[in-house]
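*Asks:* Each chain, letter by letter, is given below.
There are 2 protein chains.
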Amino acid sequence: MADTDQVYKKDILRLAQLRDYFAVNRTIPSYSYMCELLDMKSKNAITKFVARLKLHDFLDAAPDNKLIPGKRFFERPLANASVQAGAFTPAMGEGTEYVTIDEQLVRKPSVTELIPVVGDSMKDAGILDGDTVIVEKRASANVGDIVVAIVDDRFTIKTLGKEKDRFILVPANKAFETIRPGKEASIYGVVVGSFRRY
Amino acid sequence: MADTDQVYKKDILRLAQLRDYFAVNRTIPSYSYMCELLDMKSKNAITKFVARLKLHDFLDAAPDNKLIPGKRFFERPLANASVQAGAFTPAMGEGTEYVTIDEQLVRKPSVTELIPVVGDSMKDAGILDGDTVIVEKRASANVGDIVVAIVDDRFTIKTLGKEKDRFILVPANKAFETIRPGKEASIYGVVVGSFRRY
DNA sequence: TGCGCGGGTGAACGAACGTTCACTTTTGGA
DNA sequence: TCCAAAAGTGAACGTTCGTTCACCCGCGCA
Chain C
1 MADTDQVYKK DILRLAQLRD YFAVNRTIPS YSYMCELLDM KSKNAITKFV ARLKLHDFLD
61 AAPDNKLIPG KRFFERPLAN ASVQAGAFTP AMGEGTEYVT IDEQLVRKPS VTELIPVVGD
121 SMKDAGILDG DTVIVEKRAS ANVGDIVVAI VDDRFTIKTL GKEKDRFILV PANKAFETIR
181 PGKEASIYGV VVGSFRRY
Chain P
1 MADTDQVYKK DILRLAQLRD YFAVNRTIPS YSYMCELLDM KSKNAITKFV ARLKLHDFLD
61 AAPDNKLIPG KRFFERPLAN ASVQAGAFTP AMGEGTEYVT IDEQLVRKPS VTELIPVVGD
121 SMKDAGILDG DTVIVEKRAS ANVGDIVVAI VDDRFTIKTL GKEKDRFILV PANKAFETIR
181 PGKEASIYGV VVGSFRRY
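So the sequences go chain by chain: C and P.
Position one of the first sequence corresponds to residue 1 (this note's numbering), numbered consecutively onward.
Position one of the second sequence corresponds to residue 1 (this note's numbering), numbered consecutively onward.
The list treats identical chains as one, so a pair stands whether inside a single copy or across any two.
Straight-line C-alpha distance at most 27 Å; calculated DSSO-like pairs for lysine-lysine:
(1) K41 x K66
(2) K137 x K71
(3) K9 x K137
(4) K10 x K43
(5) K48 x K108
Everything labelled a hint here was simulated from the structure, so no lab data went into it.
Values in this document were obtained by computation on a predicted structure and should not be read as measured data.
Based on the sequences and whatever the hints tell you, model everything.
*Replies:* In structure tokens:
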């Protein structure tokens, strides 16, 4: 048995409905509304169902005892990496891994922020205009890191390089020029991830 | 008077507290809890406060009448035009500080899964080897969508195109060739987002 | 075949919810 | 400075909430 998954299929199906409801409404419905949503006929059944989900960290309680999403509420199935060989295995089979996007991208929440990307200077590194980068704020970085730097009081995203004894900011797009900053330049943070919506 | 902003400063301050609470708990607190949180002494004051916020689309009601964030709930508190001039502030996108990345990328959790990308065939679209794409599973897509298709029992990510009366799968990399599928091809899902870790 | 257990039903209950009423305090414009 | 509108107080009210109790059903296992 997949020991990651002690909650039964029925509950997983219902959890999926809760997730959809939450994605739209950004709240967990009340017990009586869940009755309709999940097609159950007694609030007591909901009570037990909710208790099961709480036990497995899919749901949790706010300070005022309202029902809120738990740690695992935002888990998503990750398809197997063995995809490119013949018989593919779409996710949802047994032993499928579940991951949360936020946990993958954010390691140190307190020093992490999201910055929208303007311009194409990192196009060849797969960072396009309109993307969002996840930045860990800190003043130091290694050569080769993609960094957010402040040059002339402006943000800019570039790869950190070195030339002789001097740091330079290298774009990933031939149409842009390498920046050889004067004194007034500093590192705002290091890009640790990026994402994009279509 | 700034006609964008009919709600008074006090309310904006309180709204900020609600946003902070929401960022942590992912729910709007009950009226009595709001009394503590906002340091008010009667639930009636909350009623009126909430009515004001609803009027201006900061709050809304779910199908079961629960209080949920409205359209403007995730707005940036203060739009600072002074960003690109001197004293900048780290410009984030719309309310990114109050919404998780997951919530930005996933619209229909029950049909969404994550698929790791293998290969460079979509390089020019900013999807690199090792990236993860967020896929909404469905059998139909529009021309121009980036889709996950199944060709010869293999996953492949391409842009959906049309040639005469026939669908084709167009890579975003000159080194790869457009696929003109025979009978055995179907759409597994549509790519609605992607992310990458460094 | 019978039995136990986990999940579901239905009704009843107290507590908490959000609304309402009458009233007071604060605020901002004439 | 005064006054009217807006915001806040405090108590009371009916509603809805989530919990609880007793019971039933269906499946798996001995």
